[in-house]
Amino acid sequence: KAGVTQTPRYLIKTRGQQVTLSCSPISGHRSVSWYQQTPGQGLQFLFEYFSETQRNKGNFPGRFSGRQFSNSRSEMNVSTLELGDSALYLCASSLDRVVQETQYFGPGTRLLVL
Amino acid sequence: GENVEQHPSTLSVQEGDSAVIKCTYSDSASNYFPWYKQELGKGPQLIIDIRSNVGEKKDQRIAVTLNKTAKHFSLHITETQPEDSAVYFCAASLFTGGGNKLTFGTGTQLKVEL
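For the record, the sequence lines run as chains A and B.
520 is the number that our numbering gives the last residue of the first sequence; the numbers go up by one with no jumps.
466 is the number that our numbering gives the last residue of the second sequence; the numbers go up by one with no jumps.
The set of hints was computed from the structure by calculation and includes no laboratory data.
Hints should not be assumed to be uniformly reliable.
Partner residues aside, some chain B positions facing chain A, computed with beta carbon under 7 Å [unchecked claim]:
1) His359
2) Ser370
3) Tyr384
4) Gly395
5) Pro396
6) Phe447
7) Gly451
8) Phe456
Quick list of in silico lysine to any residue cross-link-like pairs, SDA-like style, CA-CA up to 20 Å [as the list claims (entries may be wrong)]:
9) B:Lys394 - A:Thr444
10) A:Lys407 - B:Lys394
11) B:Lys389 - A:Pro513
12) B:Lys389 - A:Gln447
13) B:Lys394 - A:Gln450
14) B:Lys389 - B:Gln433
15) B:Lys394 - A:Ser492
16) B:Lys394 - A:Leu494
17) B:Lys409 - A:Leu494
18) B:Lys394 - A:Lys463
19) B:Lys394 - A:Ser476
20) B:Lys463 - A:Thr508
21) B:Lys463 - A:Pro445
22) B:Lys394 - A:Gly446
23) A:Lys463 - B:Lys463
24) B:Lys410 - A:Gly446
25) B:Lys389 - A:Arg516
26) B:Lys389 - A:Tyr510
27) A:Lys463 - B:Gln433
28) B:Lys394 - A:Leu517
29) B:Lys389 - A:Lys463
A virtual CB, placed ideally from N, CA and C, is assigned to each residue, including glycine.
Next up, chain A with everything else stripped away, as it sits in the complex (with noise of 0.2 Å):
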């Protein structure tokens, strides 16, 4: 099975700006989760949807929003881009299933805010 993919790889914007991220899960996965990795932060949860409805969120400001297609695609969106939000984005799939719950994680997209 092919991985979780997320596109694009890089990313340069300006402050002010909006981004749109894009992850494709693992086949079958139905849950994705996105999580925002900084050196100074670590690595932070910001929302997981399943069944196109965000089930989950973290706390990060309403900028911060995403949604989820019927195929479980998901992307993620960043209004008004501060250079604090500059970091890796990773998305993670994940079954769902009662007993399932391991997250498997995708390259991420790295965001440069200048």
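With chain A fixed as given, assemble chain B onto it according to the hints.
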């Protein structure tokens, strides 16, 4: 919310020696504890996980132990090899079948020297 502490932040061992990384968590309700390995330029890769109803789990050179009373869990790597060099993250979550939000430790940079 959940808080996970991880020690040490850096660990240097000689090839063939053992490495131990320790984590503590705050939420006694957490029931799932995965360990991830992250190599430069890649997303985290699951190496082993343990559920709260199990005290120890082993997979070849890697083992994880869980002490629910003390709320800590540890990763043990035996017979270390240069390819084990990477950043290792522990995580904790409460999986209820209604979502899975991982709270990560701050990571351990493991260096295996020849």
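Hints, one by one, checked against the model:
1. A cut of 7 Å between beta carbons decides the hint on histidine 359 of chain B: the least distance to chain A is about 14 Å, and the hint is violated.
2. With 7 Å as the threshold, the beta carbon of serine 370 of chain B stays out of range of chain A, its nearest partner Cβ sitting at about 25 Å, so the hint is violated.
3. Because the smallest distance between the Cβ of tyrosine 384 of chain B and any Cβ of chain A comes to about 5 Å, under 7 Å, the interface hint for this residue holds.
4. A distance limit of 7 Å between C-beta atoms decides the matter here; for glycine 395 of chain B the minimum to chain A is near 4 Å, and the interface restraint holds.
5. Residue-level restraint check for proline 396 of chain B holds (minimum Cβ-Cβ distance to chain A is 5 Å; threshold 7 Å).
6. Taking 7 Å as the C-beta contact cut-off toward chain A, the hint placing phenylalanine 447 of chain B at the interface holds, the least distance being around 4 Å.
7. Interface hint at glycine 451 of chain B: satisfied, since its Cβ lies 4 Å from the closest Cβ of chain A, which is below the 7 Å cut-off.
8. A cut of 7 Å between beta carbons decides the hint on phenylalanine 456 of chain B: the least distance to chain A is about 4 Å, and the hint holds.
9. Proximity of lysine 394 of chain B to threonine 444 of chain A is assessed by CA-CA distance (about 14 Å); at most 20 Å being required, the pair is judged to hold.
10. At roughly 18 Å between alpha-carbon atoms, lysine 407 of chain A and lysine 394 of chain B fall within 20 Å of each other, so this suggested pair holds.
11. Between the alpha carbons of lysine 389 of chain B and proline 513 of chain A the distance comes to roughly 12 Å, so the proposed pair stays at or under 20 Å and holds.
12. A distance of roughly 18 Å separates the Cα atoms of lysine 389 of chain B and glutamine 447 of chain A; the hinted pair therefore holds under the 20 Å criterion.
13. A hinted pair counts as satisfied when its Cα atoms are at most 20 Å apart, and lysine 394 of chain B with glutamine 450 of chain A qualifies at roughly 17 Å.
14. Proposed proximity of lysine 389 of chain B and glutamine 433 of chain B is supported: the alpha carbons are some 14 Å apart, at most 20 Å.
15. For the suggested pair lysine 394 of chain B and serine 492 of chain A, the alpha carbons sit about 17 Å apart, so the restraint of at most 20 Å is met.
16. Annotation: proposed proximity of lysine 394 of chain B to leucine 494 of chain A holds, straight-line Cα distance about 10 Å (limit 20 Å).
17. Using a Cα cut-off of 20 Å, the hinted pair lysine 409 of chain B and leucine 494 of chain A is violated, with the two alpha carbons roughly 31 Å apart.
18. About 24 Å separates the Cα atoms of lysine 394 of chain B and lysine 463 of chain A, which puts this hinted pair outside 20 Å; it is violated.
19. About 28 Å separates the Cα atoms of lysine 394 of chain B and serine 476 of chain A, which puts this hinted pair outside 20 Å; it is violated.
20. Proximity of lysine 463 of chain B to threonine 508 of chain A is assessed by CA-CA distance (about 26 Å); at most 20 Å being required, the pair is judged violated.
21. Pair hint lysine 463 of chain B plus proline 445 of chain A holds up; C-alpha atoms about 18 Å apart against a cutoff of 20 Å.
22. At most 20 Å may separate the alpha-carbon atoms for a hinted pair to count; lysine 394 of chain B and glycine 446 of chain A meet this at roughly 18 Å.
23. This hinted pair does not check out: lysine 463 of chain A and lysine 463 of chain B have alpha carbons roughly 35 Å apart, beyond 20 Å.
24. Among the hinted pairs, lysine 410 of chain B with glycine 446 of chain A is inconsistent with the structure: their alpha-carbon atoms are about 32 Å apart, more than 20 Å.
25. Between lysine 389 of chain B and arginine 516 of chain A the CA atoms are separated by roughly 18 Å; this keeps the pair inside 20 Å, and the hint holds.
26. For the proposed pair lysine 389 of chain B and tyrosine 510 of chain A, the alpha carbon gap of about 12 Å is at most 20 Å, so the pair holds.
27. Taken as a hint, the lysine 463 of chain A and glutamine 433 of chain B pair is broken in the structure, with Cα atoms around 38 Å apart against an allowance of 20 Å.
28. Between lysine 394 of chain B and leucine 517 of chain A the alpha-carbon distance is near 14 Å, which keeps this suggested pair within the 20 Å criterion.
29. In summary, the hint linking lysine 389 of chain B to lysine 463 of chain A is not supported, as the alpha carbons are separated by about 24 Å, beyond the 20 Å threshold.
The earlier numbered hints that this structure contradicts are 1, 2, 17, 18, 19, 20, 23, 24, 27 and 29.
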